[in-house]
Amino acid sequence: MIKQDITQYKNVWVFIEHNEGKIERVSLELLSKGAELAKDLGCEVCAFTVGDKVEQFAKEVGEYGAKKFYIIENSALKEYRTEPWRDAIVYLIDKYKPEVALVGATTLGRDLAGTVATKLSTGLTADTTALDIDPSTKNLLMTRPTFGGNLMATIFCPDNRPQMSTVRPGVFKAVKNPTKPEIIKEKYDITEDKIVKKIIEKVQTGEEKVNLSFYEVIVAGGKGMGKKENLKLLEDLANVLGGTWAVSRKVVQAGWAPQSRQVGQTGQTVHPKIYIAAGISGAVQHVAGMKSSDIIIAINTDPEAPIFEVATYGIVGDCLQVLPKMTEMFKQKLVK
Amino acid sequence: MHSLVFIKQVPDAAQVRVDYETGTLIREGVPAIINPFDTHAIEAAVQIKDKFGGSVSVLCMGPPMADEALKKALAMGADNVFLLSDRVFAGSDTLATSYALWAGAQKVIQEVGPVDIFWAGKQAIDGDTAQTGPGIATRFDVPLVTYAVDIKEVDPQARKMKIVRLLEGGTETVEVPMPCLITTEETLNHIRFAPLPYLIKAARTPVVLLNSSNTTIDASQCGLKNSPTKVKKAFTPPKRERGEMIEGSLDEIVNTVYAKIEPMLKQLGKV
Numbered sequence: 001m002i003k004q005d006i007t008q009y010k011n012v013w014v015f016i017e018h019n020e021g022k023i024e025r026v027s028l029e030l031l032s033k034g035a036e037l038a039k040d041l042g043c044e045v046c047a048f049t050v051g052d053k054v055e056q057f058a059k060e061v062g063e064y065g066a067k068k069f070y071i072i073e074n075s076a077l078k079e080y081r082t083e084p085w086r087d088a089i090v091y092l093i094d095k096y097k098p099e100v101a102l103v104g105a106t107t108l109g110r111d112l113a114g115t116v117a118t119k120l121s122t123g124l125t126a127d128t129t130a131l132d133i134d135p136s137t138k139n140l141l142m143t144r145p146t147f148g149g150n151l152m153a154t155i156f157c158p159d160n161r162p163q164m165s166t167v168r169p170g171v172f173k174a175v176k177n178p179t180k181p182e183i184i185k186e187k188y189d190i191t192e193d194k195i196v197k198k199i200i201e202k203v204q205t206g207e208e209k210v211n212l213s214f215y216e217v218i219v220a221g222g223k224g225m226g227k228k229e230n231l232k233l234l235e236d237l238a239n240v241l242g243g244t245w246a247v248s249r250k251v252v253q254a255g256w257a258p259q260s261r262q263v264g265q266t267g268q269t270v271h272p273k274i275y276i277a278a279g280i281s282g283a284v285q286h287v288a289g290m291k292s293s294d295i296i297i298a299i300n301t302d303p304e305a306p307i308f309e310v311a312t313y314g315i316v317g318d319c320l321q322v323l324p325k326m327t328e329m330f331k332q333k334l335v336k
Numbered sequence: 001m002h003s004l005v006f007i008k009q010v011p012d013a014a015q016v017r018v019d020y021e022t023g024t025l026i027r028e029g030v031p032a033i034i035n036p037f038d039t040h041a042i043e044a045a046v047q048i049k050d051k052f053g054g055s056v057s058v059l060c061m062g063p064p065m066a067d068e069a070l071k072k073a074l075a076m077g078a079d080n081v082f083l084l085s086d087r088v089f090a091g092s093d094t095l096a097t098s099y100a101l102w103a104g105a106q107k108v109i110q111e112v113g114p115v116d117i118f119w120a121g122k123q124a125i126d127g128d129t130a131q132t133g134p135g136i137a138t139r140f141d142v143p144l145v146t147y148a149v150d151i152k153e154v155d156p157q158a159r160k161m162k163i164v165r166l167l168e169g170g171t172e173t174v175e176v177p178m179p180c181l182i183t184t185e186e187t188l189n190h191i192r193f194a195p196l197p198y199l200i201k202a203a204r205t206p207v208v209l210l211n212s213s214n215t216t217i218d219a220s221q222c223g224l225k226n227s228p229t230k231v232k233k234a235f236t237p238p239k240r241e242r243g244e245m246i247e248g249s250l251d252e253i254v255n256t257v258y259a260k261i262e263p264m265l266k267q268l269g270k271v
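Chains G and L, in that order, are what the protein sequence lines are. Quick note, the first sequence lines up with residues 1 to 336 if you use my numbering. Quick note, the second sequence lines up with residues 1 to 271 if you use my numbering.
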C-alpha cells in the first residue's frame, strides 16, 4: 500500500448527484452533514460535480451551506457514464485534495464511488449510516451495517486520503444554511468519440420516484396484504394520517408495487415518527430499514412473527380487517 | 468467447442470528453458499457459452473450504475453476480484494486465454458493499456495467454487447465493447437445474489452487495491514424491545391504538 502525505489534504467534499437538471436530495443531506464534520475539523464544506451545464446548481448548493463549488462542464459528460465521470472527478480530487469525499449511496453513487476510490488507491466505506470525527486523531469514523443489518462496523481510513464514503439517503436531514459559494470551474478535455460506452436508450419505468424519508407517517404492507388490489388499503390509511405508503421486498418481487416504494436493506431506510407494518413478517432485511422509527405498530395474523419483537404495539389480526377499521375510525377523529 | 466470473462464498445471511448476550453473530450451523447474486453471474456466462461457444472460468478468493463453491459452479456449467487462497489475503478490504482478484485473474488469463466478458454479482450479501466489481473493472481498465437486468445483444464479430441496467426509477440500455465487466441483478436470469453431464464434469474437474507463490501477486498490496480501511469496532445494534400487545375486539384494538398514538399525532399537528 502506498502511504500518502495526508497533511496536504483539506476540506470536506460532497458529490452533487444530478439527473435531468435536478439535484438528488441525498446530496443536500450530505452537505448539511458535511458542514458539521467540517466544523469539527476546522475546515470548509464544499460541493463538487461534473456534467453539462452544472453551474446552475450553485444557488441550491449554496442554500445548503457549500462554501465552494468545484465543477467540470463538458457536453460529453451530459449523461452519467462511469468512466468519463470517474476520470473527471479523479482529476478534481487529485488537483484540490479534499480530506473527505462523500457520495450518496444511490445506484449512480455506488457505481461511481468504487471506481473513483480504486483509481485514487484510497479506502471507501459503503452505505454508511453514521459519520463522526474521532476527537483525538481527527479521522472520519464511518459506521455501516453488514450481514443484513445484524452487525454494525465502524470503519476508518487512517493513512490514505480522501477518506471516502457512500452514505444512505434519508439518514441525515437537509438543513438550509445559506452561503454564496465560490465557483471553481475546471477545464477538462474529453470528447464523445473518446468514450467507448454509449447510451442507446433510457426508459423511465413510469414509477414515480418516492423519497420515503420525507414522511413522518408510513403505512407499509407485506405479503400478508394478499393481492395487489389490497395495497389500496395502505394508501387509504396513509391519506387519513397525512403520510405515505410503502411495501416490503416480497411485495416488490410479486410485482404488486414498484421498487421505489420498498423499505429495507435493498430498498430505502426510513425513520418516521409512526410506522405501521401490516402483514409484514419482519425479515432482518426489512427490519434493518425501519427499526429506528419512533413508534412501530405491527399487524400480523401470526403471533410468532418476528416483527412483534421490534414493535412498540402489536396486534394479532388480519391486516385486511384492521386497516379499513383504522382508516374509518381515524378519519372521524382526525378530520375535524 | 471466454467468460471469467468472480464469485464469493458467504454464510447464508438469512440464517445468521445475533447473540445479544455477547454482541456477536452466531455462525455455527449456518451453511456456506455461493453469494446469490454471483450465481446469476455464473448462469449468464454459461448461457453465453451455450449460445456462442467458448468457455467459462470462475475465480473465488477465500479459505480452502471455498472449493465447495467452485464445485457448485462446475455443476452450473463452468469449465475451469480457480481458488485464490493464501493467508496473506486475510483481512483485505475492498481495495485490497480487488487487487488480489485482478492479480489472480492474470494467472487465469495466462492459463486459459484472454477474457471477453468479466462477470460479478452486484454485491455480496455479507458485506453488501458492491465495490469489488467496480474495483476490478477499474484495474482492468474495461467498461463497467453494473446492475444488469438483461443481456440484449452479444455480437462476437463486432465485439460489442448491449446490456440493460437498472437506474433509479428506470432502466437504460448501454452498448459497450468487449472486454467489459458486468455485475448482475437477481432478475437477470433463472438458475437452471444442473444437468447430469455438468454434475459428472464437476466431479472430475479439479479446483486449481492459486496463492502468493504461484502467481505474481504482490503481498504488500493485500491483507489487513495493506488495506486502507480498518475496522475500529464491530457491534450489534441495540435490540428494540418487544412492546405491548393490544388485545380485544377489533373496535377496542383500534381505539386503544389511537389513544396510544394520539400524543404523537398532536405533536405532528395532525389532530
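Careful, some of the hints might be misleading.
[Claimed, not checked] Away from chain G, derived, C-beta distances all over 10 Å, residues of chain L:
| hint | residue |
| --- | --- |
| 1 | 103 |
| 2 | 216 |
| 3 | 235 |
[Unchecked claim] Distance ranges between label pairs, derived from CB positions:
| hint | chain 1 | residue 1 | chain 2 | residue 2 | range |
| --- | --- | --- | --- | --- | --- |
| 4 | L | 31 | G | 205 | 53 to 61 Å |
| 5 | L | 262 | G | 253 | 52 to 60 Å |
| 6 | G | 202 | L | 262 | 40 to 48 Å |
| 7 | L | 231 | G | 229 | 17 to 25 Å |
| 8 | L | 191 | G | 175 | 43 to 51 Å |
| 9 | L | 191 | G | 227 | 21 to 29 Å |
| 10 | L | 31 | G | 130 | 41 to 49 Å |
| 11 | G | 301 | L | 87 | 46 to 54 Å |
Since the hints were made in silico from the structure, they are not lab data. Glycine is no exception: its CB is placed at the ideal position from the N, C-alpha and C atoms.
Of all the hints numbered above, which does this structure not satisfy? Sort the numbers upward.
The structure conflicts with hints 3, 4, 5, 7, 10, although it agrees with all the remaining ones.
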